[in-house]
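Here the working numbering is used: the first residue of the sequence shown is 137, the next is one more, and so on.
Just to be clear, a hint being listed does not mean it is correct.
Computed list of lysine to any residue pairs in SDA-like fashion (alpha-carbon distance at most 25 Å, straight line) [as the list claims (entries may be wrong)]:
| hint | residue 1 | residue 2 |
| --- | --- | --- |
| 1 | Lys171 | Lys182 |
| 2 | Lys171 | Ala195 |
| 3 | Lys183 | Gln173 |
| 4 | Lys183 | Arg168 |
| 5 | Lys183 | Cys142 |
| 6 | Lys182 | Arg166 |
| 7 | Lys171 | Arg151 |
| 8 | Lys171 | Glu147 |
| 9 | Lys182 | Ile145 |
| 10 | Lys171 | Gly189 |
| 11 | Lys171 | Ile185 |
| 12 | Lys171 | Glu149 |
| 13 | Lys183 | Glu163 |
| 14 | Lys182 | Glu149 |
| 15 | Lys183 | Gly157 |
| 16 | Lys183 | Ala167 |
| 17 | Lys183 | Arg148 |
| 18 | Lys182 | Ala162 |
| 19 | Lys183 | Glu149 |
| 20 | Lys183 | Asn141 |
| 21 | Lys182 | Asn141 |
| 22 | Lys182 | Asp155 |
| 23 | Lys182 | Tyr138 |
| 24 | Lys183 | Gly169 |
| 25 | Lys171 | Glu186 |
| 26 | Lys182 | Ala195 |
| 27 | Lys183 | Tyr138 |
| 28 | Lys182 | Arg160 |
| 29 | Lys183 | Gly144 |
| 30 | Lys183 | Met137 |
| 31 | Lys171 | Met137 |
| 32 | Lys182 | Ala167 |
| 33 | Lys171 | Gly156 |
Hints are computed from structural coordinates only; laboratory data are not their basis.
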Amino acid sequence: MYVCNCNGIREREVRAAIDGGARRPAEIFRARGSKPQCARCVCDMKKMIEEQGEALRYAAE
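Make the full structure from the sequences, and use the hints.
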């Protein structure tokens with residue numbers, strides 16, 4: 137599934153960037169060598185960052 141249609145960034149690529157340490161959408165774009173265009177994907181990226189962070193915190197307990 138595409139998270140960012142403008143830059144062709146898929147969900148798995150966003151998750152890989154988060155796993156690699158990205159904590160903000162700008163860091164995800166940087167990891168992909170792109171910049172936001174319409175920014176509709178930024179909210180989805182923020183949500184994915186938050187969800188993955190919660191999962192890591194839960195796993196650490």
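Hints, one by one, checked against the model:
1. For the given pair, lysine 171 sits about 15 Å from lysine 182 by alpha-carbon distance, which is consistent with the 25 Å threshold.
2. For a cut-off of 25 Å, the pair hint linking lysine 171 to alanine 195 is broken: about 32 Å separates their Cα positions.
3. For the proposed pair lysine 183 and glutamine 173, the alpha carbon gap of about 19 Å is at most 25 Å, so the pair holds.
4. Straight-line distance between C-alpha atoms of lysine 183 and arginine 168 comes to about 18 Å, which keeps the hinted pair within the 25 Å bound.
5. This hinted pair checks out: lysine 183 and cysteine 142 have alpha carbons roughly 19 Å apart, not beyond 25 Å.
6. Pair hint lysine 182 plus arginine 166 holds up; C-alpha atoms about 15 Å apart against a cutoff of 25 Å.
7. Restraint check for lysine 171 and arginine 151: satisfied, since their Cα atoms lie roughly 17 Å apart, inside the 25 Å limit.
8. With a C-alpha separation of about 16 Å, the suggested pairing of lysine 171 with glutamate 147 holds against the 25 Å cut-off.
9. For the hint linking lysine 182 to isoleucine 145, the alpha-carbon distance of about 14 Å falls within 25 Å, and the restraint holds.
10. The straight-line distance between the Cα atoms of lysine 171 and glycine 189 is roughly 23 Å, inside the 25 Å bound, and the hint therefore holds.
11. A C-alpha spacing of about 18 Å is found between lysine 171 and isoleucine 185, which places the hinted pair at or below 25 Å, so the restraint holds.
12. A hinted pair counts as satisfied when its Cα atoms are at most 25 Å apart, and lysine 171 with glutamate 149 qualifies at roughly 15 Å.
13. Among the hinted pairs, lysine 183 with glutamate 163 is consistent with the structure: their alpha-carbon atoms are about 14 Å apart, no more than 25 Å.
14. About 14 Å separates the Cα atoms of lysine 182 and glutamate 149, which keeps this hinted pair within 25 Å; it holds.
15. Taken as a hint, the lysine 183 and glycine 157 pair is honoured in the structure, with Cα atoms around 15 Å apart against an allowance of 25 Å.
16. Our distance criterion of 25 Å between C-alpha atoms is met by lysine 183 and alanine 167, whose separation comes to about 18 Å.
17. For a cut-off of 25 Å, the pair hint linking lysine 183 to arginine 148 stands: about 14 Å separates their Cα positions.
18. Proximity of lysine 182 to alanine 162 is assessed by CA-CA distance (about 10 Å); at most 25 Å being required, the pair is judged to hold.
19. Under the criterion of a C-alpha separation no larger than 25 Å, the hint pairing lysine 183 with glutamate 149 is consistent with the structure, at around 15 Å.
20. Between the alpha carbons of lysine 183 and asparagine 141 the distance comes to roughly 17 Å, so the proposed pair stays at or under 25 Å and holds.
21. About 16 Å separates the Cα atoms of lysine 182 and asparagine 141, which keeps this hinted pair within 25 Å; it holds.
22. Annotation: proposed proximity of lysine 182 to aspartate 155 holds, straight-line Cα distance about 14 Å (limit 25 Å).
23. About 15 Å separates the Cα atoms of lysine 182 and tyrosine 138, which keeps this hinted pair within 25 Å; it holds.
24. Under the criterion of a C-alpha separation no larger than 25 Å, the hint pairing lysine 183 with glycine 169 is consistent with the structure, at around 21 Å.
25. Annotation: proposed proximity of lysine 171 to glutamate 186 holds, straight-line Cα distance about 21 Å (limit 25 Å).
26. Of the supplied pair hints, the one linking lysine 182 and alanine 195 holds, its CA atoms being roughly 20 Å apart against a limit of 25 Å.
27. Straight-line distance between C-alpha atoms of lysine 183 and tyrosine 138 comes to about 15 Å, which keeps the hinted pair within the 25 Å bound.
28. Taking the CA atoms of lysine 182 and arginine 160, the gap is about 7 Å. The hint holds against a cut of 25 Å.
29. Taken as a hint, the lysine 183 and glycine 144 pair is honoured in the structure, with Cα atoms around 18 Å apart against an allowance of 25 Å.
30. Between lysine 183 and methionine 137, the direct Cα distance comes to roughly 15 Å. Compliance with the 25 Å bound is thereby established for this hinted pair.
31. Of the pairs offered as hints, the one joining lysine 171 and methionine 137 holds, with about 19 Å between alpha carbons and a cut-off of 25 Å not exceeded.
32. Among the hinted pairs, lysine 182 with alanine 167 is consistent with the structure: their alpha-carbon atoms are about 15 Å apart, no more than 25 Å.
33. Of the pairs offered as hints, the one joining lysine 171 and glycine 156 holds, with about 18 Å between alpha carbons and a cut-off of 25 Å not exceeded.
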